[in-house]
Amino acid sequence: MHDTPDIADRHDAVCVIGAGASGLVTVKNLREQGFSVDCYERETSVGGAWNWRHDRSPVYASTHLVTSRPLTELPDFPMPDDWPDYPHHTQLLAYLERYAEHFGLRDSIWFGTEVVAVTPVGDGRWDVTTRGTGGGAERVQRYAAVVVANGHNWSPKPLSVDTSAFRGRVMHAAAYKDPAQLRGRKVLVVGGGNTGCDIAVEAAQQATTVWHSTRRGYWYAPKYVFGRPADQVHDKLLEQRVPLRLRQWLYHLAVRLTVGDVTRFGLPAPDHRPYESHPVVNSQLVYYVGHGRITPVPDVVRLEGATAEFADGRRVEPDLVITATGYLPRFEFLAPDLLDIDEDGKPDLHLHAFARRHPTLAVVGLVQADAGLLPLAHWQSVAVARWLRLRLTDPDRAVAVQQRESTRPLRSWTRLRVVPSSRHWFEVSHTNYLRALEDLLKQMEPA
Amino acid sequence: MKLELVRFKDWTDPVPSVRREVLSALPHPDDGQPPLLFVPGLGHGAWAFREHWLGHVASRGFAAYALSPREQGSLRAYAHDVVQVAAGLPRQAVLVGHGVGALVVAHALARYPARAAVLAAPVLHGRAALGAALRTNPLGTLPAFFGGGLRLSRRQLFAGDPPGADAYVERLTRAPSAVYRSLLTAPGPADPVGAPPALVVGSPDDRIVTRKALDRAAARFGGAPLLFPGMGHDLMLEPGWQEPIDAILDWLVKELAG
Chain R
1 MHDTPDIADR
11 HDAVCVIGAG
21 ASGLVTVKNL
31 REQGFSVDCY
41 ERETSVGGAW
51 NWRHDRSPVY
61 ASTHLVTSRP
71 LTELPDFPMP
81 DDWPDYPHHT
91 QLLAYLERYA
101 EHFGLRDSIW
111 FGTEVVAVTP
121 VGDGRWDVTT
131 RGTGGGAERV
141 QRYAAVVVAN
151 GHNWSPKPLS
161 VDTSAFRGRV
171 MHAAAYKDPA
181 QLRGRKVLVV
191 GGGNTGCDIA
201 VEAAQQATTV
211 WHSTRRGYWY
221 APKYVFGRPA
231 DQVHDKLLEQ
241 RVPLRLRQWL
251 YHLAVRLTVG
261 DVTRFGLPAP
271 DHRPYESHPV
281 VNSQLVYYVG
291 HGRITPVPDV
301 VRLEGATAEF
311 ADGRRVEPDL
321 VITATGYLPR
331 FEFLAPDLLD
341 IDEDGKPDLH
351 LHAFARRHPT
361 LAVVGLVQAD
371 AGLLPLAHWQ
381 SVAVARWLRL
391 RLTDPDRAVA
401 VQQRESTRPL
411 RSWTRLRVVP
421 SSRHWFEVSH
431 TNYLRALEDL
441 LKQMEPA
Chain E
1 MKLELVRFKD
11 WTDPVPSVRR
21 EVLSALPHPD
31 DGQPPLLFVP
41 GLGHGAWAFR
51 EHWLGHVASR
61 GFAAYALSPR
71 EQGSLRAYAH
81 DVVQVAAGLP
91 RQAVLVGHGV
101 GALVVAHALA
111 RYPARAAVLA
121 APVLHGRAAL
131 GAALRTNPLG
141 TLPAFFGGGL
151 RLSRRQLFAG
161 DPPGADAYVE
171 RLTRAPSAVY
181 RSLLTAPGPA
191 DPVGAPPALV
201 VGSPDDRIVT
211 RKALDRAAAR
221 FGGAPLLFPG
231 MGHDLMLEPG
241 WQEPIDAILD
251 WLVKELAG
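Respectively, the protein sequence lines represent chains R and E.
Under the working numbering, think of the first position of the first sequence as 1, with each following residue one higher.
Under the working numbering, think of the first position of the second sequence as 1, with each following residue one higher.
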């Protein structure tokens with residue numbers, strides 16, 4: 001592509017895509033490293049997934065955190081210490097809004113503006129095409145670097161079963177907002193993740209009949225163990241450097257003692273060890289199964305007419321099917337090869353953040369961990385900002401850092417043994433992942 | 001540089017929440033300057049700043065807050081409280097610590113990217129301060145070794161015998177021995193996050209913070225110390241209180257413009 005007069009050159013400025021939690025920390029940390037930043041957000045306010053005012057937000061009325069406050073808050077901007085162990089989603093939005101206000105981030109954000117295309121122009125620079133969500137002409141601006149923080153919980157993953165011949169209502173969990181939608185209905189909830197379990201539990205309190213379909217058995221971890229948030233107890237074990245096998249055994253034991261044998265309730269036994277999938281934290285699911293309010297069923301194989309058929313041949317007649325199948329990351333403004341995206345739509349990024357062949361392209365927030373996402377996104381964005389700064393101040397050292405990073409073994413920062421599923425490939429252990437980031441940050445420290 | 005990404009202590013053993021005493025003086029109109037948060041040292045409370053500094057700072061267009069240390073605290077809990085109050089302010093705050101409050105601020109800076117930091121008569125190394133305290137006030141300091149409270153004297157805090165000084169000394173609370181033991185043994189603070197500009201102010205006639213300690217603090221946090229000869233340790237309560245706070249604000253205005 002050649003220079004055209006209508007491309008506005010923003011010189012050393014960095015473009016950030018998205019003003020959700022990951023975008024906000026990126027804007028703040030880039031500015032802290034002295035960069036000027038243009039952040040584009042297609043909605044009209046900050047908060048991303050946590051902004052329930054927007055249609056794309058996946059939160060529902062009762063959404064609470066599944067990780068406790070100390071493991072969820074930003075490392076340099078704590079949540080108020082009088083908030084509960086597991087804050088409500090509206091508190092999280094208020095927290096992000098206060099963060100934006102506190103650091104004056106709104107000055108750098110263009111709301112109601114969508115990124116249409118990001119194309120490399122050589123020399124490590126990028127042309128970013130944007131468009132107002134209300135219409136209007138497209139605009140192209142040139143940036144020194146692009147950081148993608150568009151989230152991974154907004155594009156619903158379709159159900160693998162054809163639903164066109166089903167007479168009842170089918171909706172994705174993203175459209176589920178309020179328990180009133182369940183009242184007096186016969187509800188089938190598909191999906192055993194945190195959302196699927198939450199909705200099944202709410203349905204148990206509101207609907208007349210509830211079936212909960214899961215593909216595999218899960219470890220349903222309680223939110224509290226010994227009166228402490230379960231993730232804090234787990235981190236106590238990590239602090240003592242208890243090896244994985246022993247932790248898996250202890251986890252097993254703790255679940256046995258608190259939740260018990262889930263197969264007695266008709267739930268399938270987990271087909272994987274603890275810590276090999278994203279943890280499902282729900283104290284109430286098994287309780288309602290035990291009260292006969294939730295009937296566990298296997299995978300759905302057909303939805304036709306009035307009936308839903310399951311893998312074991314069982315048939316039921318729900319009038320509402322909620323598919324909690326999760327979400328898929330999407331980057332339609334980028335050519336797939338820029339992020340080395342494979343045919344399953346899975347990008348291949350160093351530390352799940354740095355594009356391998358484009359040193360000025362990074363993604364923040366594309367991880368899932370056994371702790372909250374915010375601290376990881378924070379340190380990712382600190383690493384990205386310091387990396388971009390180092391490239392400007394000391395290009396030789398930047399090359400040396402890049403070479404050393406390319407030899408970092410995968411297993412040191414990501415989980416290699418996870419269940420095969422479209423949402424588990426970016427699952428990390430927060431401590432291993434943070435140690436890898438810490439090591440990278442130390443290499444980039446000013447001499 | 002010391003970086004800390006894995007923070008088991010913060011994650012698994014959070015500091016319990018308490019009601020915090022915060023005094024404030026607000027400017028009218030507020031034209032968006034960063035707020036200042038004052039952190040007192042041992043024995044003092046937010047009141048020490050309300051005497052003169054809070055109002056003066058507000059009259060110069062900056063929102064001013066002062067935080068009293070919690071009862072039964074520790075260095076970690078004090079720093080936690082500073083970060084909590086700072087993060088609760090509408091804008092990125094300037095942290096101003098006095099005496100041991102400067103040590104608390106130094107620890108808070110590793111957890112909160114302050115807009116700027118001021119360390120006034122900073123007690124950053126407990127041992128040096130303890131030596132000075134034993135020389136000037138052996139009777140008030142010695143009991144602290146045996147689990148008693150630390151009693152500060154007028155001679156330690158003020159250069160001369162200004163009117164009202166005795167009343168101030170009356171108001172001092174005795175810090176429980178566990179607190180200053182934790183101060184003596186605490187590891188040094190990790191590096192500040194967000195690289196805030198920092199200023200060290202003090203007096204060569206301070207009987208708690210030696211000139212050498214001032215230079216050492218300034219070397220770590222920011223250039224040369226700003227000195228106010230003839231003043232005692234309690235800069236904010238001395239009759240000449242206006243000079244240091246004006247110098248701090250002038251420095252801040254220059255930093256904010258830069």
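Among the hints, a few may not be true.
[Said to hold, decoys possible] No farther apart than 25 Å at their CA atoms in a straight line, the calculated lysine to any residue pairs in the SDA-like style are these:
#1 E:Lys-9 with R:Gly-34
#2 E:Lys-2 with R:Ser-412
#3 R:Lys-236 with R:Asp-85
#4 R:Lys-223 with R:Arg-185
#5 R:Lys-236 with E:Gly-140
#6 E:Lys-254 with R:Lys-236
Don't read these hints as lab results, they were simulated from the structure.
How the hints compare with the structure:
| no. | hint | verdict |
| --- | --- | --- |
| 1 | E:Lys-9 with R:Gly-34 | violated, 31 Å |
| 2 | E:Lys-2 with R:Ser-412 | holds, 22 Å |
| 3 | R:Lys-236 with R:Asp-85 | holds, 16 Å |
| 4 | R:Lys-223 with R:Arg-185 | violated, 28 Å |
| 5 | R:Lys-236 with E:Gly-140 | violated, 41 Å |
| 6 | E:Lys-254 with R:Lys-236 | violated, 46 Å |
When the structure is compared with the earlier hints, violations turn up for hints 1, 4, 5, 6 and for no others.
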